[in-house]
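All chains, full assembly: derive it from the sequences and hints.
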Amino acid sequence: MNATNVSMDCIFNHINSIMNNLQPAIYIPTFILGLILNLLALRVFCSFWKKQTESSIYMINLVLTDLLLLLSLPFKVYYSIHKGEGFLCLFMEFLYFANMYGSLFLIVCISLDRYIAITHPLKARIFRSPRRASMVCCCIWATVCLSSILIYSFESSDDVKCFHNMSDHKWSPPVILSVEIFGFLIPLAVMVYCTIQIIQALLKHKSQVEESAAEHVTAVWIIAANLIVFVVCFTPVHLGIFLQFMVRQHIIVDCTMKQRISLFLQVAMCLANVNCCLDAICYYFAAKEFRKKTYFRNLVKSFTVSQASTE
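Numbering (my numbering), first residue to last: 364 to 674.
Calculated directly from the structure, the hints in this document are not laboratory data.
By construction, the Cβ of each residue, glycine as well, lies at the ideal position given by its N, Cα and C atoms.
There could be a bad hint or two in this list.
As the list claims (entries may be wrong) - For each label pair, taking beta carbons as the anchor points, the in silico distance ranges come out as:
(1) Arg494 <-> Ile374: 26 to 36 Å
(2) Arg494 <-> Thr619: 30 to 40 Å
(3) Cys409 <-> Arg495: 44 to 54 Å
(4) Ser497 <-> Ala588: 21 to 31 Å
(5) Ile374 <-> Ile395: 27 to 37 Å
(6) Pro392 <-> Arg488: 52 to 62 Å
(7) Arg406 <-> Leu385: 31 to 41 Å
(8) His532 <-> Ser497: 28 to 38 Å
(9) Val583 <-> His377: 41 to 51 Å
(10) Val538 <-> Ile615: 24 to 34 Å
(11) Leu540 <-> Cys373: 21 to 31 Å
(12) Arg495 <-> Thr619: 49 to 59 Å
Shown next as structure tokens:
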């Protein structure tokens, strides 16, 4: 949602010039590093699970969404500078936003899956299975693709360019409120709740089983890091989208403020894309724990035994 919104009384050439230099400086390292890390992560997740688990299915799908988003970054840089149009350009726009939100929803699903497995281990046998995880992933892919097709419609207009000066339809209240509520606020609330509940359960279990204290600390850091990455990467961009929405609704009319919001939103988009690299790093450490000690699996078993003994 680049907001290169030029009007008669407010010029954004200076902002465009800054972003034309800043975007390649951020996107090129993000593309190279993210591609390497995610390909390595994909290899790890595919190699170390002879029998696929719920977590591995979610993680593999997360890697795939991150890879597809990364593949759209070179096109985003090119079209942001050259203001391209046409089917390929709009397809890359669709690919970019669909996979950004696909990645966001999959991160939430991974957190929710861990929450169920660790805090409700007995009920997890009913709600968790590789088949259900695969169905959830299919629903996510279908939802983000359909939503993106509806929002990023293939318009042919001299005033509307992909990644540039998006149409009023895309900045309409129903679209933006849906994006903000269902695409960020609800997932954020789920992430925060699941993370707090998991950490509380781990700390409580740690006090009961002191010999596994180091492993619990590792698990707590991994889970907390996932929430921190989510908040740092996705909060600024959705704040920027909301502010730009206020500009497009003529609630914010000051030219200097418009320029600052445009710059803030575009920088926030760059920051959100760094998530592709951070995801791979976070889940590499999670996979490392799986490889070395199958730690989370043992945690689930220990919680199951402790919960069963109290019933």
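Going through the hints against the structure:
1. Arg494 <-> Ile374: 26 to 36 Å: Check failed, 55 Å falls outside 26 to 36 Å.
2. Arg494 <-> Thr619: 30 to 40 Å: Because 55 Å falls outside the window, the suggested range is violated.
3. Cys409 <-> Arg495: 44 to 54 Å: violated, 20 Å
4. Ser497 <-> Ala588: 21 to 31 Å: This hint holds: roughly 26 Å between Cβ atoms.
5. Ile374 <-> Ile395: 27 to 37 Å: holds, 34 Å
6. Pro392 <-> Arg488: 52 to 62 Å: violated, 44 Å
7. Arg406 <-> Leu385: 31 to 41 Å: holds, 32 Å
8. His532 <-> Ser497: 28 to 38 Å: holds, 34 Å
9. Val583 <-> His377: 41 to 51 Å: Holds - the Cβ-Cβ distance for Val583 and His377, about 45 Å, lies within 41 to 51 Å.
10. Val538 <-> Ile615: 24 to 34 Å: With Cβ atoms ~18 Å apart, the hint is violated.
11. Leu540 <-> Cys373: 21 to 31 Å: Holds - the Cβ-Cβ distance for Leu540 and Cys373, about 25 Å, lies within 21 to 31 Å.
12. Arg495 <-> Thr619: 49 to 59 Å: holds, 51 Å
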